[in-house]
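Chemist: Chains as they are written, first to last, in my numbering: chain L, 275 to 521; chain C, 275 to 521.
You may find that some hints are simply not true.
Heads up, the list lumps identical chains together, so a pair's fine if it works in one copy or across two of them.
The calculated lysine to aspartate or glutamate pairs, modelled on EDC-like cross-linking and capped at a C-alpha distance of 16 Å, are [said to hold, decoys possible]:
(1) Lys-465 x Asp-392
(2) Lys-433 x Glu-510
(3) Lys-445 x Glu-287
(4) Lys-491 x Glu-439
Since the hints were made in silico from the structure, they are not lab data.
Number of protein chains: 2
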Amino acid sequence: MTTRAEILVIGNEILSGKVTDEHSGFLCREFRSLGVDVRRTVTLPDEIEAIAEAVRQAWTRSDLIVSTGGIGPTHDDVTIAGVAMGLGRPVVRNSTLESVIRQMYDREPPEVVWRLADVPEGAELIVADGLRVPVVRVGKLYLFPGVPEIFRRKFDAIKARFREEPFFLRKIYLTTGEEMIAVTLDRVAKKFPELLLGSYPAVNRPDYRVLLTLESKNAAVVDDAYRDLLSSLPCEAVLPLEEYRAN
Amino acid sequence: MTTRAEILVIGNEILSGKVTDEHSGFLCREFRSLGVDVRRTVTLPDEIEAIAEAVRQAWTRSDLIVSTGGIGPTHDDVTIAGVAMGLGRPVVRNSTLESVIRQMYDREPPEVVWRLADVPEGAELIVADGLRVPVVRVGKLYLFPGVPEIFRRKFDAIKARFREEPFFLRKIYLTTGEEMIAVTLDRVAKKFPELLLGSYPAVNRPDYRVLLTLESKNAAVVDDAYRDLLSSLPCEAVLPLEEYRAN
Chain L
275 MTTRAEILVI
285 GNEILSGKVT
295 DEHSGFLCRE
305 FRSLGVDVRR
315 TVTLPDEIEA
325 IAEAVRQAWT
335 RSDLIVSTGG
345 IGPTHDDVTI
355 AGVAMGLGRP
365 VVRNSTLESV
375 IRQMYDREPP
385 EVVWRLADVP
395 EGAELIVADG
405 LRVPVVRVGK
415 LYLFPGVPEI
425 FRRKFDAIKA
435 RFREEPFFLR
445 KIYLTTGEEM
455 IAVTLDRVAK
465 KFPELLLGSY
475 PAVNRPDYRV
485 LLTLESKNAA
495 VVDDAYRDLL
505 SSLPCEAVLP
515 LEEYRAN
Chain C
275 MTTRAEILVI
285 GNEILSGKVT
295 DEHSGFLCRE
305 FRSLGVDVRR
315 TVTLPDEIEA
325 IAEAVRQAWT
335 RSDLIVSTGG
345 IGPTHDDVTI
355 AGVAMGLGRP
365 VVRNSTLESV
375 IRQMYDREPP
385 EVVWRLADVP
395 EGAELIVADG
405 LRVPVVRVGK
415 LYLFPGVPEI
425 FRRKFDAIKA
435 RFREEPFFLR
445 KIYLTTGEEM
455 IAVTLDRVAK
465 KFPELLLGSY
475 PAVNRPDYRV
485 LLTLESKNAA
495 VVDDAYRDLL
505 SSLPCEAVLP
515 LEEYRAN
C-alpha cells in the first residue's frame, strides 16, 4: 500500500501574497522521491477553527499529514491550538520541550517562550541527529515550523522514516496535439488501472507539444504501457527522447 | 465586505512534484492587490470525487472560487465533471463554445475536441478583449486552464471585475527576537480587531530579526496600530525603515 499524504501549509503571509509558499512544492518533490503519494496540499490562515477543520478532514482521508507554520511564541501562532481542537484533545505542556527551551537561555526565559513547549495531548517527540529541538508528532501528523531554513533542516533530519517502494516513471515527448492522441490515452489509461498516465500540453515550446508521463510503483506496468503507447501513437509524432528513472 | 476567495489548483503533475505550482502564489498576489482576501488554496488530484468534494466545501465558505487545471480533451481532464458533480448539476454541451471550437479548425475537428465545449449546467461565458476562448463561470466559480501562459492571459483579461477596496499595509523591521515583543503584539492585536498583524522571524538575515506587517482595509486602523506599536516597542530595536503602500 502506498502512503497517502496531505500537506497543510499554515500562514496568512502566504495567502496574502507576501511570501511565496515553497513548502508545498518541496514536500511534493521530496515525498515523491520517497515513494509517498501526496494527495492534497492546503494553505490555511492563522485561525484555530480553520486549522481544526482541515486537520479533521485530512485525518479521515490520509495516512500521513505534515503541517508547516504557526508554531512560535506570538499571537498568530495557533497551529498547536488548531490541531488540538481538530483532534478533540487538550493542549498540554511537555516537560522535555521545557528542558530544551531552558537550555537555550542563559537566564530565565521570557514567559511567552514556554508556549513553545505546548503540544496536543498524546504528542510524541522525534529526536534526530543535528536537531536542537525535536519534531513534534501527533499520531499520523507531523508538525514543522514555517521558517524555511528550520523547516528543511528538521524535515531532512527525519525524512528517512517516510521512505517506501519507489515510483517508476517514463516520459514520452510528442510533436502532435492532445486532441490527436486522446482516444489512445483513454484506452491505455483504462487498460492499465495501476498506471498513472499524465498528458501535459506545452505552449511556446519549439521542441515538443505534449509530454506524456507514465508512472507506477509496478515497473512492469510502466514498461508494458510504454510499449503499448509507442505501438499505438503515430511514430512520426514521437520524439526520440528517452527518460527513465526510479525516483 | 471583503470578498473571501478560495483557489483550487487541479493536477496530479503538481502533487507528484513534476511541476511546481505557480498559480497559487500568482493568484494570492494578484487578488491581494485587487483587495480580495484569499482564505484558502487547495491542490487536488485529477479525480472527479475529490474535485466535487472540494467544490462543495469551497462553495459553503467562500464568495469567490477560482480553479485552474483539468480542462482539456484527455482522460485526465475531469474538472468539468468534478464541478458538475459537486454542484449537483449535469454536464451540458455549450453551443457558443462549439462555434468557437469550429472556428479554430479548417476541417472537421477530431471528435474528442467537442469535450472542450462541455460545461456544468447553468454556466455563463465571459467574453473579453484578446480572448479567443471565453472564460467559463458557474455562479461564484471561475474555471481556468492549467497551462500557465493561457491561464495568465485569461486571468489578466477579466481580473478588473474582481477589484474592490484596497488593503493598506505598513511594515516594521525589528532587531529583537519574537519572544521579547510577543506580549506587546498580543495586546495590539486584541486592541485593533480590524488589524491583520503578522510577525515573521528571519533566519540568517544580517539586517533584521523580525518583520511585522500591519494590514487592514481601514487605513486609520493601520496608522493607529503603527503608532501604538512604535510607542510600545523598545525603540533601539526598531529599524528606521519605512514602508507604506496601498496595494
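Chemist: Evaluate each hint against the coordinates.
Modeler: Here is how each hint holds up against the structure:
1. Lys-465 x Asp-392: neither (51 Å within a copy, 25 Å between copies)
2. Lys-433 x Glu-510: Neither. Shortest intra-copy (43 Å) and inter-copy (41 Å) distances fail the 16 Å Cα cut-off.
3. Lys-445 x Glu-287: Classified as between; 13 Å across copies, 36 Å inside a copy.
4. Lys-491 x Glu-439: within (7 Å within a copy, 50 Å between copies)
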